[in-house]
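Given next are the chains, with one letter for each unit.
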Amino acid sequence: MQLAYYPGCTLKTKARNLEEPAVASLEALGFRLEEIDRWNCCGAVYSLADDDLIHQVAPVRNLIRVKEQGNDRVVILCSFCLNALKRANLLMKGDAEKRDTLNRFMDEELDYGGEVKVLHLLEVLRDEIGWENLAAKVEQPLRGLKLAPYYGCTLLRPREVAIDDVENPTVLQEFLGALGATPVFFPESTRCCGSYQVVSNPGDIPGYARDILSSAVMSGAEGLVLTCPLCDYDLGKGQDELVKKEGFKGMPLFYFTQLLALALGLNPGVAHFELNYGSPEAFLRERGLLS
Amino acid sequence: MPVSVSRRRTDGEFVKKVRELSGENLQLCYQCGMCSGSCPAASHMDFSPRQVIEMARLGLHEEIVDSKTVWVCATCLACAVACPRGFDLSRLMEAIRLLALRKRADHVRPEDIPVEDREELPQIAMVSGLRKFSG
Amino acid sequence: MSVTKRNEEPAKKAVKESAGAPPVGLTPIYVMGKRYEVPEGLTLMKAIEHAGYKFIRGCGCRGGTCGACGTVYRKPGDYRLQVALACQKTVEPDMHISQIPFFPANRAVFEFDKLTVAPEEVFKLYPELFRCVACNACTKACPQGIEVMDAVSALKQGNIAGAAEIAFECIQCGLCTSRCFGELMQYHMFQLARRIYGARIAPRAEHLAGMTEAIADGRYEEFLDRLQGMSEDELKELYREREIEPVTAGEDWTPEDKAYL
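Protein chains in written order, with the numbering used here: chain A, 2 to 292; chain B, 9 to 143; chain C, 25 to 285.
Extracted from the complex, chain A is given alone in its bound form (with noise of 0.2 Å):
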C-alpha cells in the first residue's frame, strides 16, 4: 500500500537515520513511502501573527503538493514539519477569508481548502497498522529494554493538532510495548528541549538537555526515543556539554523508527547508529541486540 510522503529538508542530510530505517520498515510491513514531488522546505514554524501570510505559503504550498499529486493524505516523520504541516492545513480549512488570499497569492497553484490529511507516521503504525499486528511482525524483540519515550512539544501542541492526550499520552509506550521494550514515561517527558534557542542562545541548551535526561535517569530509563531532529540535535550536544564539563552519565538517543527496524530484524545498516548520539551501538551490542 502506498503513502504520500513528506521528508523534510534534514532528513534528507543530517537525520538520514530517522528516515532509511522508517522506509525500509515500512516495506516489510506492507506499505511503500513514496515521497512527494517538488516538495519544498515547510518553514519549520508556524507563523503566529495574525497578519502574516507570507510565512503560510510555505506549507500550505506542500499541501497542494500532495493534493495534485492525487493524494487524500500525507505521512510525515519529523514531528517539526509535522506541527508546521498539520496547523497549516487547519487555517487553511478554518479561515475563509486567508485562504482565499492565500489561494489567490498563489495563482500559479491548484486551490487548496484543507482537503488533505496531515499523519504522523505513529499515527499510521496505532490507528491503521495496530500495535497488536505490528507486536506479530516483530522478528527480535527489544529484551525489555527500559527506553524513556520523549514527546517533546510538537506532537502534542498545540490541542488542535495533538496526537495524543496533551497531558497524558500513550502512543510512543503502546508502540515500544509492541516492539518488545519496557517503556518508561517520565514526568519531564513532553517539555521542550530548547528547540531554535540553540541558534541564539547557544549557552542554554545544557540546561534544557539536563532537566530533561535527569528525570529520564530518575525514572529508570536506559535510552531515549525521539521523533524529531532538533530534539536530536539539542539533547545530544546538550548531553555531550554535561558529560564533558559535569561528567553526567547521558544515556544513548534512539530515533522511533531506528528500533522499528531493529525490532522488525531488519539489517541494522538501514538504522545508521553511527549518526546518533549516546553511543547506542555499543548499548545494543552489550544487550545482545547487535552484533
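These are calculated hints, taken from the structure and not from any lab test.
Errors might be hidden in some of the hints.
What the hints assert, rightly or not - Pairs of lysine-lysine, BS3-like flavour, derived with a Cα cap of 25 Å:
(1) A:K147 - A:K238
(2) C:K138 - C:K164
(3) C:K99 - C:K70
(4) B:K24 - A:K99
(5) B:K25 - A:K99
(6) B:K24 - B:K76
(7) A:K238 - A:K250
(8) C:K148 - C:K138
(9) A:K13 - C:K148
(10) C:K148 - A:K238
(11) C:K164 - A:K99
(12) A:K118 - A:K13
(13) C:K99 - C:K164
(14) A:K147 - A:K118
(15) B:K111 - B:K25
(16) A:K13 - C:K282
(17) B:K111 - B:K76
(18) A:K238 - B:K76
(19) A:K147 - A:K250
(20) C:K70 - C:K58
(21) C:K58 - C:K78
Chain A is already provided as a structure; the job is to place chains B and C on it using the hints.
Only chains B and C this time, still in chain A's reference frame:
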C-alpha cells in the same frame, strides 16, 4: 523587580498593535501564573511570562522590548496548553518579537552564526532560528 | 545618439499621423514612464535605442545569454509584474518598461579548491539560504523560465546536483534576487552549486582522459613526424587513398589500419 506604572509611561498604541498582531484578548488573563509555572525557559527570563502579559496590557513598551523574555521563548506552547482561560501566550510573545523585527532590528543575523555551527546545525534549526529572530 | 536626415522623414510622417491611435507599424511603449512610438517587431532593446537611448549598461551579447539586459514591465490594468530579456523580447503595445542592469548581491568569498561536495558548504557560505519562504517570486521573475524556488529548495535539502541541474540555464541576470522576500542571492548560490557539480560531482569523460594520456605518452609522435616530413604531393596521395567508412557500415565497422585506434 519593581516596575513603575503611570499614565506617562503607558503606550496605548503598543497595546493596540500587540492585540492586533496576536489576535488574542489580553483581558482574559487573571494572572494565575500557570504559564510561568509550566514554562521550561522561565529560569532564563528576566520578566516571567505572567509579568509580560500584565506589562503588555499596561502598555509598558520599553520594559518589554528591552527584556530577554521574548527572545528566550522557544514557542513550546506549554503556557498556551496550561492556561485555564485559553489565552495563547505564544502569540503574544510572537507579536512583541515582530514589533522589533519588522523595524529591521534583527535579533540574530545569519552572518553572526559561527561557521562551524552553520555546518553542524540541522536545517530545521537554521530555518526556525532565522524565522523567529530575523526580519 | 545620431539620427541621419534620411531616417527622420518616416518618423516625422508617423508622428503627423499619430493623433489618436498610432498608425500601422508603430507601437506605443513607455520607457521609465515616458511614451514612445516604436516600430512593431523590434526587440525591446532595439526599440529603446530607436527611441533615442544609448546603452552603456544593461546591454551585452544581444543574444540572450549574458544576462545584462534584465527588464521588468507591466501592462495597464494588470497588476502582474512581467519579466523579459530586452534583447530577446519584442515590443507589445503599452508596455511600461524598466531595466535592472545590475542588482547588488553580495557574493561569498571562498577558495574553490578547498570546497568539498558536502551540502554544508553552501550552508556555510550562504546561511541566508534558510530565509527562503517559498513565496515563488523568484520563479515568476526569471526570464529563462527556471523553477528558481525549486532550485533553492534543492539547496536547502542538500541536493547540490539537483540545484545545478534545475538552474542550468541561469544567465545571472539578478531579477530573482531583486524580487526575493528573504533577500537571498539566488544566482550566486546557483553559480556555486554549478561549480561544485561541474568540478566534483559530474561524471568525468573517461575516454577523454585516456586519450589525453595516450597523446602525452607520445602515441602519435611518430605519425605526426612522418606527416610533417611528407611533401605536398605525398600528403595529397595519402588523403586520396585514405580508407573511408562506407555509408552502409554498421556500428561494429572498423578500419583495416587499426594502428591509431
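Evaluated hints:
no.: 1; hint: A:K147 - A:K238; verdict: holds (22 Å)
no.: 2; hint: C:K138 - C:K164; verdict: violated (35 Å)
no.: 3; hint: C:K99 - C:K70; verdict: holds (19 Å)
no.: 4; hint: B:K24 - A:K99; verdict: holds (21 Å)
no.: 5; hint: B:K25 - A:K99; verdict: holds (20 Å)
no.: 6; hint: B:K24 - B:K76; verdict: holds (22 Å)
no.: 7; hint: A:K238 - A:K250; verdict: holds (14 Å)
no.: 8; hint: C:K148 - C:K138; verdict: holds (13 Å)
no.: 9; hint: A:K13 - C:K148; verdict: holds (17 Å)
no.: 10; hint: C:K148 - A:K238; verdict: holds (19 Å)
no.: 11; hint: C:K164 - A:K99; verdict: holds (22 Å)
no.: 12; hint: A:K118 - A:K13; verdict: holds (23 Å)
no.: 13; hint: C:K99 - C:K164; verdict: holds (16 Å)
no.: 14; hint: A:K147 - A:K118; verdict: violated (34 Å)
no.: 15; hint: B:K111 - B:K25; verdict: holds (14 Å)
no.: 16; hint: A:K13 - C:K282; verdict: violated (50 Å)
no.: 17; hint: B:K111 - B:K76; verdict: holds (18 Å)
no.: 18; hint: A:K238 - B:K76; verdict: holds (24 Å)
no.: 19; hint: A:K147 - A:K250; verdict: holds (16 Å)
no.: 20; hint: C:K70 - C:K58; verdict: holds (16 Å)
no.: 21; hint: C:K58 - C:K78; verdict: holds (16 Å)
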